[in-house]
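Visitor: Take the sequences, apply the hints, and build the full model.
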Amino acid sequence: ATTTDPRALRVADRLRELGWRQGEDPAGDGFAAGQPRYVFQVPLEGRSLDDIQQGFNQQWRRNIKKAEKAGVKVVRGGYDDLPAFYTLYRETAERDRFLPRPLPYFERMWTALTAEDPDRMRLYLAHHDGEILSAATMLTVGDHVWYSYGASTSRRREVQPNNAVQWRMLSDAHADGARVYDLRGITDTLDESNHLLGLLRFKAGTGGEAAEYLGEWDFPLNKLLHKAFQLYMGRR
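Position one of the sequence shown corresponds to residue 2 (my numbering), numbered consecutively onward.
Hints in this document: simulated from the structure, not taken from any laboratory. Wrong hints could be hidden among the right ones.
Using C-beta positions, here's what the derived DEER-type ranges look like [as the list claims (entries may be wrong)]:
#1 His145 / Arg11: 19 to 27 Å
#2 Asp51 / Gln231: 45 to 53 Å
#3 Glu117 / Ser172: 22 to 30 Å
#4 Lys224 / Ala71: 56 to 64 Å
#5 Arg15 / Gln231: 16 to 24 Å
#6 Gly131 / Leu16: 47 to 55 Å
#7 Gln231 / Glu193: 21 to 29 Å
#8 Gly79 / Val12: 35 to 43 Å
#9 Tyr233 / Arg62: 42 to 50 Å
#10 Pro84 / Asn58: 32 to 40 Å
C-beta atoms are modelled at their ideal positions from N, C-alpha and C, and glycine is treated no differently.
Guide: Structural data, given as structure tokens:
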């Protein structure tokens with residue numbers, strides 16, 4: 002079923018009336034320049050963990066069991082573990098062809114968010130046979146929890162550390178009374194040639210639902226320069 006919030010449509014109409022323009026997506030993958038327009042969310046409210054796991058597809062349930070059987074241990078880390086996370090993050094960026102943020106970005110992010118609330122930002126690490134295979138950050142604001150940044154190595158993928166990390170984070174979010182677990186960005190296409198299709202399939206395996214936001218908007222102070230900038234972004 003598809004639902005639309007009429008308030009969002011009214012906001013979009015008002016922005017257009019005021020001269021704002023919806024940001025274009027040069028890459029054509031739904032991620033735009035910064036914040037993803039399309040996300041995937043797992044509703045938690047009113048559901049038990051068993052109910053939630055039953056909503057996973059067969060592959061997801063099988064992978065969680067594989068990780069448990071293989072002895073993958075997911076633990077919470079801290080500020081001092083950010084370099085270990087970053088090592089995996091750099092490997093992920095190279096493998097998935099995106100520009101990584103620098104380590105100080107994550108250090109500042111951790112310091113700023115945990116100063117508000119010690120649990121605002123969390124770090125989870127999946128260990129197997131003495132090696133960290135996967136890691137992810139989780140953000141909490143009110144009753145909404147986000148999977149923020151993820152990283153993994155290509156080694157020992159058969160023990161399914163990524164599924165183990167996600168299941169631990171989702172379980173913790175559920176225990177904390179979260180209303181929704183947000184897996185964030187997905188592509189808006191099912192084109193087999195799209196390099197982000199595998200990410201969509203991974204997230205869709207949780208049995209949640211896709212959501213479209215209004216996305217990013219620009220207010221062109223100089224329409225000619227704004228158009229030139231959009232052309233430049235499209236050719237990067």
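Visitor: Given the hint of 21 to 29 Å, check if Gln231 and Glu193 actually sit that far apart at their C-beta atoms.
Guide: Given about 28 Å between the Cβ atoms, the range holds.
Visitor: Note whether the CB distance of Lys224 and Ala71 lies within 56 to 64 Å or breaks it.
Guide: 57 Å, holds
Visitor: Indicate whether the distance between the beta carbons of Arg15 and Gln231 respects the range 16 to 24 Å.
Guide: 22 Å, holds
Visitor: Do the beta carbons of Gly79 and Val12 sit within 35 to 43 Å of each other?
Guide: 39 Å, holds
Visitor: With 32 to 40 Å as the target window, see if Pro84 and Asn58 comply at their CB atoms.
Guide: 35 Å, holds
Visitor: When you take the CB atoms of Tyr233 and Arg62, is the distance between them in 42 to 50 Å?
Guide: 46 Å, holds
Visitor: Taking 22 to 30 Å as the hint, is the beta-carbon distance of Glu117 and Ser172 inside that range?
Guide: 24 Å, holds
Visitor: Within 47 to 55 Å or not, the Cβ separation of Gly131 and Leu16?
Guide: 53 Å, holds
Visitor: Between Asp51 and Gln231, is the Cβ distance one that fits in 45 to 53 Å?
Guide: 48 Å, holds
Visitor: With 19 to 27 Å as the target window, see if His145 and Arg11 comply at their CB atoms.
Guide: Since the Cβ atoms of His145 and Arg11 sit about 22 Å apart, the hinted range of 19 to 27 Å holds.
The structure agrees with every numbered hint stated previously.
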